[in-house]
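For this one, chain A is given, so just place chain F on it according to the hints.
In order, the protein sequences belong to chains A and F.
Residue numbering for the first sequence follows this note's numbering, starting at 1 and increasing by one per position.
Residue numbering for the second sequence follows this note's numbering, starting at 1 and increasing by one per position.
Hint data in this document are derived by calculation from the structure and do not stem from the laboratory.
Backbone N, C-alpha and C define an ideal beta-carbon position, used for all residues, glycine too.
Treat the hints with care, since some could be wrong.
[Stated by the list, open to error] Straight-line distance between alpha carbons at most 30 Å, and here's what the computed BS3-like set of lysine-lysine pairs gives:
no., chain 1, residue 1, chain 2, residue 2
1, A, 151, A, 166
2, A, 121, A, 163
3, A, 163, F, 14
4, A, 121, A, 151
5, A, 166, A, 121
6, F, 14, A, 121
7, A, 163, A, 151
8, A, 62, F, 15
9, F, 14, A, 166
10, A, 121, F, 15
11, F, 15, A, 163
12, A, 151, A, 62
13, A, 166, F, 15
14, F, 14, A, 62
15, A, 121, A, 62
[Unchecked claim] Facing chain A, according to a computed beta carbon distance under 10 Å, are these residues of chain F, among others:
no., residue
16, 14
17, 22
18, 25
19, 29
20, 35
21, 38
22, 47
Okay, here's what each chain looks like letter by letter:
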Amino acid sequence: MDLLGRFVQGDIEAFEALFRQLQGEVYGWIVRIVREPGTAEDLTVETFWRMYRARARFDPRKPIGAWARRIATNAALDYLRTRRPESELPAELPQALSPDPALQGELQRQIRAAFDRLPAKLRVAAVLALVEERPYQEIADALGISVGAVKLRVFRAVRNLRKQLKQMGVHS
Amino acid sequence: MTNDDQERIRVELKKAMPPVDLIPRRDLWPAVLRRLDARAPVTPWYDWALVAGLAGLLVAFPQFIPLLFYHL
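Chain A with its partners taken away, still in its complex shape:
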């Protein structure tokens, strides 16, 4: 029996071999979304635990990488939904074109805070599409939605963020 078949049967050695193959890919995907190495490690462990628990539902004829990425995305989404934004937004932010590095740093921190206030599903689509520049098809597969739905989420994230920044006097 091949590796995937043995994994589906619950063979722990096959699972470890798959873990060794996929650990980097799964961690890399999660850390792109959550941006915190410690959290990404915890969520990588959670992802592999969910994979092992759901192994009977995996079809060994399909690529396991895509399945792992889908589970990893769901684990990251669950985490982002429960996490509260760390800081309140100020009424007014430093101007984007200010040459002062301290003001620029503060501006970026507040843009990040505004981004963290977006709904989790918009954040995931936006960070993968705009910051990480991953292909829309890859994001769609990981989220289990269509490419059109990903584009819509990115559009809504940008519109929402622009509105927040405009209220704070950053964007015209």
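Okay, now just chain F, sitting in the frame of chain A:
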């Protein structure tokens, strides 16, 4: 909203979110094994005994069912 708006937001987001290291800092297999070994919390026998006792009481004295719901 124009493509320029989206591009400006994208540039500002990229500045606000510096690249992250895509390689895990440690081997996570031991943590996965610990997670697999962790058992689901087991309900102690006396909790089951309480539930069984309560169910028995309600079967014997059904007139107390509304009282129970009142106190829940």
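Structure-based check of all given hints:
no.	hint	in the structure
1	151/A x 166/A	holds (22 Å)
2	121/A x 163/A	holds (18 Å)
3	163/A x 14/F	holds (18 Å)
4	121/A x 151/A	holds (12 Å)
5	166/A x 121/A	holds (22 Å)
6	14/F x 121/A	holds (19 Å)
7	163/A x 151/A	holds (18 Å)
8	62/A x 15/F	violated (38 Å)
9	14/F x 166/A	holds (18 Å)
10	121/A x 15/F	holds (21 Å)
11	15/F x 163/A	holds (19 Å)
12	151/A x 62/A	holds (26 Å)
13	166/A x 15/F	holds (18 Å)
14	14/F x 62/A	violated (34 Å)
15	121/A x 62/A	holds (26 Å)
16	14	holds (6 Å)
17	22	holds (4 Å)
18	25	holds (6 Å)
19	29	holds (6 Å)
20	35	holds (5 Å)
21	38	holds (9 Å)
22	47	violated (25 Å)
Hint compliance for this structure: hints 8, 14, 22 are broken, all remaining hints hold.
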